[in-house]
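Positions 6 to 116 (my numbering) are the ones given, in order, by the sequence shown.
Wrong hints could be hidden among the right ones.
Below, in silico cross-link-like pairs of lysine-lysine (DSS-like), each with a Cα-Cα straight-line distance of 27 Å or less [to be verified]:
(1) K7 to K23
(2) K13 to K65
(3) K36 to K13
(4) K79 to K93
(5) K67 to K79
(6) K36 to K7
(7) K36 to K65
(8) K23 to K36
(9) K102 to K67
(10) K72 to K8
(11) K102 to K8
(12) K23 to K79
(13) K8 to K36
(14) K64 to K8
(15) K8 to K93
(16) K65 to K93
(17) K23 to K8
(18) K93 to K72
(19) K93 to K23
What follows is a set of in silico ranges between Cβ atoms, one per label pair, in the way DEER data are often shown [unchecked claim]:
(20) D70 to T27: 35 to 43 Å
(21) K79 to E24: 29 to 37 Å
(22) N99 to N34: 17 to 25 Å
(23) L32 to E88: 18 to 26 Å
(24) G106 to K67: 14 to 22 Å
(25) S54 to N99: 30 to 38 Å
(26) K64 to T28: 28 to 36 Å
(27) E24 to D75: 32 to 40 Å
(28) H101 to T41: 27 to 35 Å
(29) T27 to E68: 17 to 25 Å
(30) V57 to R20: 20 to 28 Å
(31) G106 to E68: 31 to 39 Å
(32) D16 to K65: 15 to 23 Å
If you're looking for bench data, these hints aren't it; they were derived computationally from the structure. Think of the CB as a built atom: it goes at the ideal place given N, C-alpha and C, for glycine as much as any other residue.
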Amino acid sequence: MKKIYYLKTCDTCRRILKEMDTTGYMLQNIKTDPITVEQLEAIYSLTNSYEVLFSRRAKKYKEMDLKNQDLSEKDYRQLILDEYTFLKRPVIINEHKVLVGNTKKRVDIFS
């Protein structure tokens with residue numbers, strides 16, 4: 006499976022998608038087509054961590070004062086499912102490899 010979970014309104018996601026060859030990838034805008042439990046589980050099977058998939062840059066992270074809470078893997082999972090902005094993006098899956106986040110070094114692997 007080759008898939009990219011991204012946010013259409015995110016400048017960084019747009020830049021990354023513009024820079025890489027997305028031929029053969031299924032693109033899913035997580036705002037209009039939210040990630041499902043099954044999709045999240047499939048990504049988890051490649052990372053073995055919901056915390057790795059969780060974005061601490063989301064505005065709601067600060068609004069909900071999550072920094073001062075002791076979150077478990079179960080908490081991270083539920084937060085990602087409840088609010089699309091908590092999924093660190095983009096998430097790029099190329100068969101059995103997964104890239105989470107947007108550092109240039111990581112993105113170059115799939116370019």
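Against the structure, the hints come out as follows:
{"no.": "1", "hint": "K7 to K23", "in the structure": "holds, 17 Å"}
{"no.": "2", "hint": "K13 to K65", "in the structure": "holds, 18 Å"}
{"no.": "3", "hint": "K36 to K13", "in the structure": "holds, 8 Å"}
{"no.": "4", "hint": "K79 to K93", "in the structure": "holds, 16 Å"}
{"no.": "5", "hint": "K67 to K79", "in the structure": "holds, 19 Å"}
{"no.": "6", "hint": "K36 to K7", "in the structure": "holds, 19 Å"}
{"no.": "7", "hint": "K36 to K65", "in the structure": "holds, 15 Å"}
{"no.": "8", "hint": "K23 to K36", "in the structure": "holds, 19 Å"}
{"no.": "9", "hint": "K102 to K67", "in the structure": "violated, 31 Å"}
{"no.": "10", "hint": "K72 to K8", "in the structure": "violated, 30 Å"}
{"no.": "11", "hint": "K102 to K8", "in the structure": "holds, 11 Å"}
{"no.": "12", "hint": "K23 to K79", "in the structure": "violated, 34 Å"}
{"no.": "13", "hint": "K8 to K36", "in the structure": "holds, 16 Å"}
{"no.": "14", "hint": "K64 to K8", "in the structure": "holds, 26 Å"}
{"no.": "15", "hint": "K8 to K93", "in the structure": "holds, 15 Å"}
{"no.": "16", "hint": "K65 to K93", "in the structure": "holds, 13 Å"}
{"no.": "17", "hint": "K23 to K8", "in the structure": "holds, 15 Å"}
{"no.": "18", "hint": "K93 to K72", "in the structure": "holds, 16 Å"}
{"no.": "19", "hint": "K93 to K23", "in the structure": "holds, 18 Å"}
{"no.": "20", "hint": "D70 to T27: 35 to 43 Å", "in the structure": "holds, 37 Å"}
{"no.": "21", "hint": "K79 to E24: 29 to 37 Å", "in the structure": "holds, 35 Å"}
{"no.": "22", "hint": "N99 to N34: 17 to 25 Å", "in the structure": "holds, 19 Å"}
{"no.": "23", "hint": "L32 to E88: 18 to 26 Å", "in the structure": "holds, 21 Å"}
{"no.": "24", "hint": "G106 to K67: 14 to 22 Å", "in the structure": "holds, 19 Å"}
{"no.": "25", "hint": "S54 to N99: 30 to 38 Å", "in the structure": "violated, 19 Å"}
{"no.": "26", "hint": "K64 to T28: 28 to 36 Å", "in the structure": "holds, 33 Å"}
{"no.": "27", "hint": "E24 to D75: 32 to 40 Å", "in the structure": "holds, 38 Å"}
{"no.": "28", "hint": "H101 to T41: 27 to 35 Å", "in the structure": "violated, 20 Å"}
{"no.": "29", "hint": "T27 to E68: 17 to 25 Å", "in the structure": "violated, 32 Å"}
{"no.": "30", "hint": "V57 to R20: 20 to 28 Å", "in the structure": "holds, 22 Å"}
{"no.": "31", "hint": "G106 to E68: 31 to 39 Å", "in the structure": "violated, 21 Å"}
{"no.": "32", "hint": "D16 to K65: 15 to 23 Å", "in the structure": "holds, 19 Å"}
Against the hints set out earlier in the document, violations occur for numbers 9, 10, 12, 25, 28, 29 and 31.
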